[in-house]
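Put chain B on the given structure of chain A with help from the hints.
Quick mapping for you: the protein sequence lines, in order, are chains A and B.
Going by the UniProt record's numbering, the first residue of the first sequence is number 1, and it counts up by one from there.
Going by the UniProt record's numbering, the first residue of the second sequence is number 1, and it counts up by one from there.
Keep in mind that the hints are not guaranteed to be accurate.
[As the list claims (entries may be wrong)] In the SDA-like style, the derived pairs of lysine to any residue whose C-alpha atoms are separated by at most 20 Å in a straight line are:
id, chain 1, residue 1, chain 2, residue 2
1, A, K107, B, G79
2, B, K2, A, E115
3, A, K27, A, S38
4, A, K107, B, K105
5, A, K114, B, A167
6, B, K218, A, E92
7, A, K107, B, P54
8, A, K96, B, Q76
9, B, K218, A, T85
10, B, K2, A, I10
11, A, K114, B, Q76
12, A, K96, B, H52
13, A, K107, B, K218
14, B, K2, A, E111
15, A, K107, B, H46
16, A, K96, B, A167
17, A, K107, B, Q49
18, A, K96, B, R77
19, B, K105, B, R160
20, A, K96, B, G39
Honestly, the hints are just simulated from the structure, not real lab data.
In this text, all values refer to a predicted model and were calculated from it rather than measured experimentally.
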Amino acid sequence: MDHIQFIVIIAAFSFFIHVVFLTSKNKLTDKYAFMWLSFSTIGVLMAIALPFLNQFANWIGVAYLPSLIFLLAFLVVLTLLIYHTQLLSRQEQRIKTLIQEVAFLQKEVQEQRKEEDHS
Amino acid sequence: MKSNILIIIPAFNEEQAIIHTVNQLKTFDDYDYIVINDGSTDQTAHILQQHHIPHISLPVNLGIGGAVQTGYRYAQRNGYDYAIQLDADGQHNPDDLYHLVSEMKSRNVDMLIGSRFFEKTNYKGSLSRRFGILYFNYLLRLIARVNITDPTSGYRIVNRRVIEWFAQDYPVDYPEVEVIAKLARKGYTVEETKVEMNARQGGESSITALKSIYYMFKVTFFALIRSYL
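Isolated chain B, as found in the complex:
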């Protein structure tokens, strides 16, 4: 451990993108990073071994929630003050890391989310994706009284307090929106800052049409129940 900031990179079957993502991070000497290999069935584990990339390999697939939580538990055990989530598929731009960290420190919030829509950026998503994002924005305003323009963004940094929480309790699937609702309702501060996002380097989005309907219902239901009760 050379830093007090840990970058958590969950990876499931990311053999095409993982090297590129990690290489980009190598220029950020002052942050630690760890790849959580979520029981990948392709060459991801092999690549991580071969290139001596710091990683934790889950023996079976836990899904995004379980994988990310492994990272938070690792951060908690090793005494990190901040943890950043970064997607392995190259969508998140490492150039924004410094910006996220410095904003996090100066604003002194509990969670800072990298947003594609906070200011105008080059991001162009599909219509259905934009609709989903708008819907969750409205949902969060309604139940948690926060205005998050990009609630599904996985690019986020949290402080020690939230690391402790996530190490204990983190949703199994589609965790992004739900945790914002929970944190905000419990009085934690959640804010946003602008980031650029790239098109995917490889792999496929985990969200298909049918799944996105389940996603909206599931998140709405759980955000409501778990935030109020």
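Next comes chain A alone, as it looks inside the complex:
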């Protein structure tokens, strides 16, 4: 094992620990906790399998392994981003409906209070 692989494994493992920690403190809800646990596990496994990845890259004809990793990482991040924006939009929509509902309720409560005051 060379130095760089050691560093990569430490980094991947730290990330994994961080995700486990966030999950245990309920800072990630189940769905996202599971997603990040999967990602970080894959990260650790890839760090361990670094030498084999080099062979794999040679085998499929990629001359420079890091470029393959960057490409994959970039695609994963891009997919995650659009997924999160989609979630954000849905939350916005829901919050809007909630705000409107609160306003309707507020109006009803006020009207009822007024009626009570009059009677």
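Frame of chain A; chain B shown alone:
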């Protein structure tokens, strides 16, 4: 509820104009109205309370689309047959209300827009505003095959069918042009009639130079995508 027609007045920081606008409406006994206070940070909420003006106060600011939609949802829940949008800043002339309603009923369309340009009126807008209006007119002719001379006009009346739609789905910002495109493409009838518009009573226009560029791009993009797909 004493009428089957609801006037929706979205208001954001309109403390200077709101009383004047509502007072003008009081002469129209036969229509209901509701002010949607869109999380104003000035005295608008206080004024509405004090003068016992029918209103709904949104706890936070939703922007014009969310505010207007609140009005449409209110109309839907309370069984109104027609809803009219009227600006709080006094630009829309309440004298045109009867005209809008009677035209709406006689023409039996889904949406009727009060237009400044349908016939010659006293309206004089800035050059850039006129250019924007012309552009949207062309856009709507292209994608929705309707000729709307004043597509950005917020002074409009819709029937129950459209109220139901808007209660479910209404654009977040710059909704005026986009909804025309969507309605027309889905086979709803959208027409215009002449109205007079006044200069603003107070407040400031929500559209600045940079915003108007965003406005044109945004509306073009969404009108195209949401109308065709």
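A quick look at each hint next to the structure:
no. : hint              : in the structure
1   : A:K107 <-> B:G79  : 17 Å, holds
2   : B:K2 <-> A:E115   : 18 Å, holds
3   : A:K27 <-> A:S38   : 17 Å, holds
4   : A:K107 <-> B:K105 : 31 Å, violated
5   : A:K114 <-> B:A167 : 28 Å, violated
6   : B:K218 <-> A:E92  : 19 Å, holds
7   : A:K107 <-> B:P54  : 9 Å, holds
8   : A:K96 <-> B:Q76   : 17 Å, holds
9   : B:K218 <-> A:T85  : 18 Å, holds
10  : B:K2 <-> A:I10    : 72 Å, violated
11  : A:K114 <-> B:Q76  : 24 Å, violated
12  : A:K96 <-> B:H52   : 26 Å, violated
13  : A:K107 <-> B:K218 : 34 Å, violated
14  : B:K2 <-> A:E111   : 16 Å, holds
15  : A:K107 <-> B:H46  : 14 Å, holds
16  : A:K96 <-> B:A167  : 12 Å, holds
17  : A:K107 <-> B:Q49  : 11 Å, holds
18  : A:K96 <-> B:R77   : 17 Å, holds
19  : B:K105 <-> B:R160 : 12 Å, holds
20  : A:K96 <-> B:G39   : 13 Å, holds
Checked against the numbered hints listed earlier, the structure breaks hints 4, 5, 10, 11, 12 and 13; every other hint is satisfied.
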